[in-house]
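J.: Each chain, written out:
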Amino acid sequence: MSASTVTLDDIVAAHRQMRERNPLVQCLTNTVSVQFVANALLAAGAAPAMVDNPEEAAGFAGIADAVLVNLGTPTAAQVESSRLASAAAREAGKPWVLDPVGAGGLPWRTQVAVELLANHPSVIRANASEVMGLAGARGASRGVDSSARAADSVDAARSLLDRAEIVAASGDVDHVVGQGSLVKLGGGSALLQRVTATGCALGALTAAYCSISPNALIGAVAAHAHVAVASEIAARSTSRPGSFAAAFLDGLDTVDESLLRELVRLDTA
Amino acid sequence: MSASTVTLDDIVAAHRQMRERNPLVQCLTNTVSVQFVANALLAAGAAPAMVDNPEEAAGFAGIADAVLVNLGTPTAAQVESSRLASAAAREAGKPWVLDPVGAGGLPWRTQVAVELLANHPSVIRANASEVMGLAGARGASRGVDSSARAADSVDAARSLLDRAEIVAASGDVDHVVGQGSLVKLGGGSALLQRVTATGCALGALTAAYCSISPNALIGAVAAHAHVAVASEIAARSTSRPGSFAAAFLDGLDTVDESLLRELVRLDTA
Amino acid sequence: MSASTVTLDDIVAAHRQMRERNPLVQCLTNTVSVQFVANALLAAGAAPAMVDNPEEAAGFAGIADAVLVNLGTPTAAQVESSRLASAAAREAGKPWVLDPVGAGGLPWRTQVAVELLANHPSVIRANASEVMGLAGARGASRGVDSSARAADSVDAARSLLDRAEIVAASGDVDHVVGQGSLVKLGGGSALLQRVTATGCALGALTAAYCSISPNALIGAVAAHAHVAVASEIAARSTSRPGSFAAAFLDGLDTVDESLLRELVRLDTA
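Going down the list, the protein sequences come from chains A, B and C. Going by the UniProt record's numbering, the first sequence opens with residue 1, and the numbers climb by one from there. Going by the UniProt record's numbering, the second sequence opens with residue 1, and the numbers climb by one from there. Going by the UniProt record's numbering, the third sequence opens with residue 1, and the numbers climb by one from there.
Keep in mind that the hints were calculated from the coordinates and are not lab data. One thing to keep in mind: the hints can contain errors.
Label pairs and their in silico Cβ distance ranges [said to hold, decoys possible]:
1. Glu115(B) / Glu80(C): 20 to 28 Å
2. Leu8(B) / Asp9(C): 53 to 61 Å
3. Ser181(C) / Leu263(A): 48 to 56 Å
4. Ala151(B) / Ser237(C): 53 to 61 Å
For every residue, glycine included, the Cβ atom is placed at its ideal position computed from N, Cα and C.
The shape of chain A in the complex, shown without the other chains:
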């Protein structure tokens, strides 16, 4: 609540760190998004490593700078790997991001997501329905509304702050919630909804940014800002989804300080 604790200067500084430090992000993500997530990290200035088998997941979390756990198409082995990698990340003090795809709508994976909260993610990144679904599975929310707006999920997000440092609900206006803070980000492009895996890519960038930012609040906001600006740039060149997907990756690469200062719509009210 109260005023934002993130400034445009914070976002610009985080972006500079991303380009200078090229953080390595271990991704345990779904089969739909895995190529796009890797390309999004590369385009934005990070390095991907999709190490998601139970034999290597924990060990690699000690090597990577951050970990993404995305539950889009969980296999039994990947769920086991997610437990191991998130526990190892917590143990090693590395940031890790939980993207609870489908939480609330699908009981089995919702339960997996709830269990993973025991490893205290740095950020839960999701859409509003998933935030509400995850909170609801813990008895703190009124359940899932698939047409929920991010603003509707703020109470549910707050109820999750006993487990996660930050909860970020993406939408027309992204809402990033921490203890005593609520940052809203406008902008972006409706075309993001017409291409699969853009949300998953945002989760991966959130992990990358958390590893090079002073705190997870700045990391989460900087990632959402980078994606919003990249999508706006991309939407200037096309209105169709196939070409937008490539243009969005180009946009992630194009984003620089000047574009961030021009296009980020940070609501610090």
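Dock chains B and C against the given chain A, drawing on the hints supplied.
T.: Quick look at chains B and C alone, frame taken from chain A:
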């Protein structure tokens, strides 16, 4: 046999329903195609959900509007999920489409495909060789010819109508076969063969169209028409496969009533 | 050592064979690259088949013209399939390529890669660090240096020639090492490093080329030349990674004898 039971007006009406109702398609598909299938559904006006684990596959089939089962890269878990999801779709009266990739050429998956026929798919969507391979595995065909043309597979297709409502064999001229009906569709682009997963995307669109069409024959024909027209539009802008893939997705989005009326080549002879 | 045994004419002749014979490549590859690898093979003139389950892997190796085993995201089932397919390829006298992604850095998969050497790959295709990591795991190298240049890995590559016919280390200058031969290839584009799975695609093309070349040395060099030239053509049209990915696939399709003669930088010194 006899006259076609699908008109251009039927296709146009189905396309309008697709855009208005945005059907949710559960996809159990191969790792090669999974991203492209999701993007193709989004571009065409449907919504994808890749729920393919045994824990959730049956439950989600009750929520989705249609189910796609594609056997391109089957794992043991995915085969189990395919059984569960197709049975649940049948139970719930939801249309489901079987895409028996590699049937005839690969014995194990051919047997899986034959077993799945027990759940009575709305549509078997395949190329001519796969239709003949699947029929052959049931003893009703002369076996696989990898250079088979769709016209060559009509007898094999008919032999499968005791299990499937419709059998659609894609090729230079698509042949969609039902009880007492044979619809042929020309057009399309040879570039579809130069990009992986375009056939898989057609299977997913067939599932989507079946869920919003008066019957599976119209659904299957409308899906093939949508893909053919999108590919023709795409081929106007490029002759190379990398850029064609994005242009094809753009084309799926671009297709409208006017383009359907101009470009669909329905053979009702 | 000594002079190269590959000429520009050899590369041109191999490329002509690729287009004429359209070899079928069985790919056991990672989830990140699987779509891109299939599209790269199609664009270059080969045919992909992603048959990677234990039930079918060995049988299909007898049908395919070549086999690729890539350890990017190995599951337990895929490791088993890799053992079966590589053994079957060796048995059938088909070329097979090992791409030991992450070898040296990740102990479990490094051990898998070492075990697969027992099936005597035609080519080990990797970056310099992975070549050194794989050799190091057999006690013949000083270990992994993630910033290693291909030239640094030549001794490690030579130590692997008791198991592999050819070891190809990609980098700014690719180094292709065989018994008594060392071929260096310049050119290419730095953008290849900004898009995921370009190295995996090179591994698949190496398998394809080995199946239609007089020997594995020519096959490996021709594949690296095809990729280098395609990337140079692609980099003429864009400097951004999202559009480069599509342009690279277009470039693989565009490459012809004239472009090979103009752009291949073969170092026969």
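J.: Next step is simple, just say for each hint if it's right about the structure.
T.: Verification of the supplied hints:
1. As the Cβ distance of Glu115(B) to Glu80(C) is approximately 23 Å, the hint placing it in 20 to 28 Å holds.
2. For the pair Leu8(B) and Asp9(C), the beta carbons lie near 55 Å from each other, so the given range of 53 to 61 Å is met.
3. At about 54 Å, the beta-carbon gap between Ser181(C) and Leu263(A) stays in the expected band of 48 to 56 Å.
4. At roughly 40 Å, the beta-carbon separation of Ala151(B) and Ser237(C) lies outside the given 53 to 61 Å, and the hint is violated.
Of the numbered hints given earlier, the model fails hint 4 alone.
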